[in-house]
Structure formats: C-alpha cells, structure tokens
Amino acid sequence: MKRLAFGLFLVLGNPGFVSAAEAPAAGTGETADDNATPAEPSASETPEAKTDELPDLSDEVQEAAAQKGEAAAAEANASRRSWDDIVVVPRRSFLKGKRVELAPFSAISINDTLIRHYSFGGDLTFYLTDVFSVGLEGQYFIKERSERESLIGEQFNRAPTLNKFKYSTSLVFGYVPGYGKFGLFNKYIVHWDLTLNAGIGVIWTETITIHPNVDNKYPPFSNLDIMPHLGISTRMFVANWLALSIGIRDYIFDDKFESLNRPAGQSAADAKKNGQFALTENIMVFGSIGFYLPPSFQYKTPR
Amino acid sequence: MLVGCLVGIPVVTQAAQERKSPLADAPAIRKRFELRANRLEAGVGLTQTIGQDFYNALMLNLRLGYHITDWIGVSVSAGLLNVTPNWRSSFNDQLNTTLTAAAATPDGKTPTPANAAAAENRIGMVILPQVDLVPFTGKFSLFGKLFMNYDFYVLAGPALVNLISKTPTGANLTTECRTDPAFGSMCKAKPYTGMKFGGNVGFGMHAFVNNYFAINVEAHNVIFKNNAAGRDVNGNGDVNSFDLQWTYNWMVGLNAVFFLPAHVKVSH
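Residue numbers (our numbering), protein chains in the order written: chain A, 16 to 318; chain B, 952 to 1219.
No lab work stands behind these hints, which were simulated from the structure alone. Every value quoted in this text rests on a predicted model; they were computed, and no experiment measured them. Treat the hints with caution; some may be incorrect.
Beyond 10 angstroms from chain A on every Cβ pair, some chain B residues (computed) [to be verified]:
id: 1; residue: Leu1015
id: 2; residue: Ala1067
id: 3; residue: Lys1117
id: 4; residue: Met1146
id: 5; residue: Lys1176
id: 6; residue: Phe1193
id: 7; residue: Pro1212
id: 8; residue: His1214
Label-pair distances were calculated between CB atoms; the ranges are [said to hold, decoys possible]:
id: 9; chain 1: B; residue 1: Asn1047; chain 2: A; residue 2: Phe135; range: 30 to 38 angstroms
id: 10; chain 1: A; residue 1: Ile263; chain 2: B; residue 2: Ala1158; range: 17 to 25 angstroms
id: 11; chain 1: A; residue 1: Val149; chain 2: B; residue 2: Asn1191; range: 52 to 60 angstroms
id: 12; chain 1: A; residue 1: Phe135; chain 2: B; residue 2: Thr1035; range: 35 to 43 angstroms
id: 13; chain 1: B; residue 1: Val1160; chain 2: A; residue 2: Gly302; range: 51 to 59 angstroms
id: 14; chain 1: B; residue 1: Val1034; chain 2: A; residue 2: Phe135; range: 36 to 44 angstroms
id: 15; chain 1: B; residue 1: Pro1212; chain 2: A; residue 2: Leu245; range: 41 to 49 angstroms
id: 16; chain 1: B; residue 1: Leu1195; chain 2: A; residue 2: Ile123; range: 54 to 62 angstroms
id: 17; chain 1: B; residue 1: Phe1103; chain 2: A; residue 2: Asn231; range: 48 to 56 angstroms
id: 18; chain 1: B; residue 1: Ala1213; chain 2: A; residue 2: Leu186; range: 46 to 54 angstroms
id: 19; chain 1: B; residue 1: Leu1195; chain 2: A; residue 2: Ser311; range: 52 to 60 angstroms
Computed footprint of chain A on chain B; a stretch qualifies when at least three of its residues, placed anywhere within it, have a C-beta under 8 angstroms from a C-beta of chain A [as the list claims (entries may be wrong)]:
id: 20; stretch: 1050-1061
id: 21; stretch: 1078-1090
id: 22; stretch: 1180-1187
Just so it is clear, CB atoms sit at the ideal spot from N, CA and C, and this is done for glycine as well.
Only chain B is shown next, with the shape it has when bound in the complex:
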C-alpha cells in the first residue's frame, strides 16, 4: 500500500502540473462558418471621394473578387462612372467667389473663374485591383435582435485613375498662354488629364445579412501624382511634368455584394 502511495503521488502531482485547459490548442471559434473561403464575391454600389481640392466625385462602383481562403482574397473595386462631374468642393466654392469678385477688376495675375475651372481636373474613373487580407472576423448584434457575421480586412494594390477636365482640349485657356523666344509656347494653365498609374491602400468590412449576401464598406487611399489645379507649381511660368506632386486621395465606398456559391463550408 505504501509503495502504491509513494509511486502514485509524484505521478499525480506531475500530471496536475501539466494539466491544461481542454481549449488550450483549440481554435478560437469552432464550427465557424467560413463565409469567404473559395467563394466568388460580386456586387455594386457607390463610392465617393473625400476632401478633394476642387471636385469631389460620386461614382457608380463595381466590386468583383475571389477569396482564395477565408482570410485572403483578390478583388477589383472599380468606380466606373462619375455621376457628379460638377460637384465642387467647399474650398472651390469659396475660391470661385473670390475669383468672381477679382474678375470685375482684372489685374492680369488672377485667373477668371472660367479659366480656373477649365484647368482643374477631376476623377472620372478609378480601377483598383487589390489583395484583401482578412485578419478579423466576428459576430455582432444590432439592438439585441439582428445578428450578423462581419469581417474587417486591409487591402493594397495598384491603382488606375482616369482624370478628366471640364474642357478636355483646354480651349478656354489660350489667354493664359504665351510664346517665349527661348522655350516656345508656355502656358500658366493646362489641365492634367488621362489615365494615371498609382497605388492603393485601405481597409474595409463585410456585414453578412445571410450566408450569401453582405453589405460591404471600403475606404481607399489612392496615391498618384497629380496637378489638380492645372496651374504652375514650381514658378517657372509653364505647366509641365515638373509641377506634378504626389497626392493622397481618400475614397469611401458602400456596396451590396453576393457570395457564390451560396453554400457555406463549416470549419471543424
């Protein structure tokens, strides 16, 4: 009996020390609905620029993607059509007011409101191929009634931005051009337009109404070189590529998206 006790006690003590929670090596969430893994995502919505210098844009947005696993996917978010090409920022409104007042007494240095508007560009279309990384997933309740799965993701990728102007040829700006004996034609104003290449970083979330339909919110910081005013920046009297500056253009989008196939895999 004594031997049994002496042999058994240390063993039991060691076992007690090694004892650990049955959940120690378990996943945080068991039998989880893998709402993204191996699923296609397609949806439409609206995306809007925030804090643009001269013109903000509200664009019809298309989002297409494929989720390779539950936590990583590739997608394209594209603002295809600017439905508000004449939406001036508050700063532009104030500037336009002062330019209108100055136009009554022209001094040769201050552009007319029409000239200023003709040189300014705005975003016409944005195409954002990106990688979506989904580290956060969870579930929340709305007013204790409506329960929804959600995820947060970060995104990054290149950006294609089409810049447009009110008058693509710059026809209204001839009064701001002159001929320099040494450099030829020089213009103090010229809209910077066309398809531009840049980068895109941001974050977003899905709120799943059911297993195949979700509300998607995305925020992008689209980074590209621009001269939004279309006017001289470096003071050399001409508008050219030396006047371009890196700009950070925030956009927020809201999409209704569908996930296919509708069937959802459940984790172990």
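Same shape as in the complex, but just chain A:
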C-alpha cells in the first residue's frame, strides 16, 4: 500500500506535469462574459481526492494501478484547466505609452465637387502616455479633376478657379478618450480605440490656371498657407506591434486663387498679387497601417 501510494505520489508530483499545469493558458487568451462568471471546479474532482479511493496493494494490481494513475492524470488535467487564468476584467491587449508609431497612410478628399485629391504620406507619433501623443504628419497630394469640373465649360460656358494641393506637413496632438472591443462573428475579440487629433501645419498649393498656359502666358503661382486641422480616427489592434486605422481629418486654410480677370502675359508674381483669397476646407478620409517601436511591451501592473 505504501509503495503504491508513494508511486502515485511521484506520478502526480511529476515535475513536468506540475509545470504544465501551472503554465499560462494558450489559445484564445480571453473571453468576455457579459452576464456570468465561470464555475469553479469542485474539490471532489481533484486528483488528491482520487488517491483515497485506491484499492489494496498487490503485485497483480500494480499495472492496474498504473492505469488508474493514467486516468487520474487525465482527469486532473481536465479538471485543472487553468480557470485561474481567466479574469473578470482582462487587461488592455495593447499599450502605447512611451512607444513610437510609424504609420504610412493613404487618403482621399471627399468634400470638393470639382477636384479630388489623393494623398500618400505618413504619421510619426510618440505616445507620451497611453492616451496622449504628439507627432508629425507629412503628405503628398495627387489631384484629379472631377467629371463635373470637365462639364462646366460644355454645359454652362463657365470655367472654375481651382487650386491643386502639392504637399503639407503638420504637428499633431492626439488624445484617446475611448477604448473598447467588439466580437467578430462571436468568434474573435478585437480591441480598438478612438483618437481625437488637432494639429497645425503648412500646405503648399498651386493654381490651376483658367486659361491653358500656352507660351507661358498664364504661368501658375504657388501658395504657402498655414493650415490647422481637426481629426477623429479609430484604431484596431492586430498584433503587439501592428494596428490598422481609419479616420477623417478636416483641414482649413485661407488659399489664394487666380483672379477671373487675369490678363494674358501677367507674371506669376503679379497674378498672385491680384489673386483672391478664399477659405478652403479639405476633408479627407484616411486609412493607415501603424508599426510600433519597440515592437513589444510589458505590463507594469499585476493582472
């Protein structure tokens, strides 16, 4: 009896078994339970309780005892499925504080009937804390005249005054007021946050002349405008070093347009002097991929 009990003690106290049982759970990692907490396994199901039910010792039953040990081990494994790893309120899956985000993006303007701008650029952001950030934004624009713009001359015998955007850069401050998660087909949990941005920078623009610039009779002129902006975006965390983001930014600046009465042969400088200011609003929808450095992070508080 003593030998069998000692043997079973060794089996149950096997270092490999113990270490595995105490290892962090793999797999889903977290579950949100809206209305209930998981039940604790009952004490009667623990392997220690099973040892009290062993039959008397004999040589013939050693093998049977070993099988019993196998069954007890399997049951122990099943009953000790690390419920301790499940917490009522899981931690945030992603920390940004003291990390740098490099986010290349692409954007499209949505509010101008006559001209559309696509932009390519990047955000370089340093997170002072998990909710406050400061960064630099730079973008290069590509213009596209709309169908409506091309029809104005045909349909109304008019020609619009337009400026194209060339490039811009801004200092951007960010604040994260909201953080949440959602279930995807009730299979995956995706964490996200909501970011508000405000910034100030400059934008370079250039006139699209009303008359074609044949023989340099209507040379275009450029502007450098101060450009504040506001923005809102949401970010979904894909990995410890990767996030996907979409958002809207509203840029406002006072831009100078070509005069309707510009005479042929007027220099760009004179045309700019006689140009007309107009407040311009440029609303752009962004999509970006954020890469974080360092690529991993450590929690500073216990679970």
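Dock chain B against chain A, hints included.
Frame of chain A; chain B shown alone:
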C-alpha cells in the same frame, strides 16, 4: 512502484502537451444578448445626401426590417419626403452667381440662372431594399457611465430613386430648344426626372439604449445613372439617354428604431 512511474510519466507528459485553454473552443462572448435574432425593427429619422452637384436633400426617413438571425437581416430604408427641395449646394451657389453676372451680357451660350435651375434635378425620394450583414457586435461605455451594446453592419441591395425638378414640364427651357431639319426638335437642356433604378451599398450601426430601443446610423452609396444638370454632355446638341452617366450619391441617415418583441434571447 517503478512500473507505475514509467507508465505514468509519458501519459502525463502527453496530457500536458495536449492541454489547452478551457476557452479554446468557446464562443468569444458567452451569455450574450442576441439583440437582433428573430426580431422586427421599425423606426423613423432623417437622411441627408452628401456632396450632390446641385441640390442636397434632407429627407424624412422610414426604416423597417426583420433580422433572420443575429447576424443577417433584411430591411428597407426609405427617404420618403424631401423636406429641403431648394437646398442648393455651395457649388451651385457659386455657379448661380457667375450665371447671374453673365446674364447681364447675354452671349447665347451661357444659360440664364432660371434656365439652369429649370434643367437641374434633385432627389425627391429614395427607397432602398437591402440585406444587412452584422459581423461586428460589442459594448462600449460613454464617459465610463453609460454602457451601450452596439453593432456594425454592411448592407447592399437595389435602389429606387425618384428624381424631380423645379419645373417638371421644363416650361422655362423653350428658349434652349430648336428644330433641326434632320433630327427635329433638339434641346440643350431638359430635366432628367422620374423613378430610376440603381444599386445601393453601405454600412451602418445600432447603439442600443436598452433591449428594445436603439439609435441607428446608416451611410449609403446609391449608384444610378443621372444627368443632374439636365444639359448636353456628349456635345451632340441634344439632351438624351446618351448623356446619362453613372453617379455615386452618398447619403447619411440617423434613425430612432424599436426592436420587437421587447424580450431578448440570451445565448448559451
């Protein structure tokens, strides 16, 4: 004893290797309120066009739907009444200013503001039958106080759009018509009106205030052929079906919706 140890150790090691989280095969959210499954949805609100060339529309909106499961449903979103038929876009305002200035010295090529307005159409009504697919559901807190369930969905379906004009008969446009010996009457301006058929894609969300009342936001891209200016596009001197172009018309709606029955099923 030795046999017991030798037999037991590999078994235990294998068991340890096969060990997995108790949540590995579990749903992401247990005991979830299925706020849509087998429920009717009905509500009213407002929907507005965005970025129209000439006239934007703010419409009284009706939304009716039935959710077959928690993640798929069918619905109709209908902007039934345009309450702002004369809401000109900023582009139209600027165009009208230049046309007014040009009208002082008529050149025969530039339409008067009245002629331009008579040919332009606007959206009078939109009916959008659609399938709603709900892949995202979750919960958020507002200022850490107000907790709401929410969902995001994508939608697609056909579209019926009723286009109207300021003067349905085009009576003001006779000065822009002429008689061609070969082709008969030809008009440089003619409003394109009537019920048109197209497509509709978009996305939306519900924010549930409680189990049966929600705020609904929807964005639609309504795609149909149009000639919003009602003027010649291809340069043949006449306005006809060859001047129609595919247009993408964004609309955003805000609705207050009720879900019935009020009782909610809770998942396992």
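Okay, the hints, checked on the actual structure:
A cut-off of 10 angstroms between C-beta atoms confirms that Leu1015 (chain B) is not in contact with chain A; the least separation is 25 angstroms. Some Cβ of chain A comes within 10 angstroms of the Cβ of Ala1067 (chain B); the nearest lies about 7 angstroms off, and the non-interface call is violated. Listed as a non-interface residue, Lys1117 (chain B) keeps its Cβ farther than 10 angstroms from every Cβ of chain A; the least gap is roughly 17 angstroms. At roughly 24 angstroms, the least C-beta separation between Met1146 (chain B) and chain A is larger than 10 angstroms, which holds for a residue marked as non-interface.
Distance check on Lys1176 (chain B): its Cβ is at least 13 angstroms (rounded) from any Cβ of chain A, clearing the 10 angstroms threshold; non-interface status holds. With a closest Cβ-Cβ approach of about 14 angstroms to chain A, Phe1193 (chain B) is found to remain outside the 10 angstroms limit, as its non-interface label requires. The Cβ of Pro1212 (chain B) lies farther than 10 angstroms from every Cβ of chain A, with a closest approach of about 20 angstroms, so its non-interface assignment holds. At roughly 15 angstroms from the closest C-beta of chain A, the C-beta of His1214 (chain B) stays outside 10 angstroms, upholding its exclusion from the interface.
At about 36 angstroms, the CB distance of Asn1047 (chain B) to Phe135 (chain A) agrees with the hint of 30 to 38 angstroms. Checking the proposed 17 to 25 angstroms range against Ile263 (chain A) and Ala1158 (chain B) shows it holds: the Cβ atoms sit about 19 angstroms from each other. Separation of Val149 (chain A) from Asn1191 (chain B) is about 58 angstroms and conforms to the stated range, judged on CB atoms against 52 to 60 angstroms. The hint said 35 to 43 angstroms for the Cβ distance between Phe135 (chain A) and Thr1035 (chain B), and at roughly 37 angstroms that hint holds.
One distance hint, 51 to 59 angstroms for the beta-carbon pair Val1160 (chain B) and Gly302 (chain A), is violated here, with the actual separation near 31 angstroms. For the pair Val1034 (chain B) and Phe135 (chain A), the beta carbons lie near 41 angstroms from each other, so the given range of 36 to 44 angstroms is met. Between Pro1212 (chain B) and Leu245 (chain A) the C-beta distance comes to about 43 angstroms, which sits within the given range of 41 to 49 angstroms. Between Leu1195 (chain B) and Ile123 (chain A) the Cβ separation comes to about 25 angstroms, which falls outside the hinted range of 54 to 62 angstroms.
The supplied range of 48 to 56 angstroms is met by Phe1103 (chain B) and Asn231 (chain A), whose beta-carbon atoms lie about 54 angstroms from each other. As the Cβ distance of Ala1213 (chain B) to Leu186 (chain A) is approximately 51 angstroms, the hint placing it in 46 to 54 angstroms holds. Between Leu1195 (chain B) and Ser311 (chain A) the CB atoms are about 56 angstroms apart, so this pair conforms to the stated range of 52 to 60 angstroms. Here's how the stretch 1050-1061 of chain B fares: 5 of its residues keep a CB closer than 8 angstroms to some CB of chain A, so the rule of at least three is met and the hint holds.
With 5 residues bearing a CB less than 8 angstroms from a CB of chain A, the stretch 1078-1090 of chain B meets the requirement of three and the coverage assertion stands. Given a C-beta distance limit of less than 8 angstroms, the hint that chain A covers the stretch 1180-1187 of chain B holds, as 5 residues qualify and 3 suffice.
Hints 2, 13, 16 from the earlier list are contradicted by this structure; the remaining hints agree with it.
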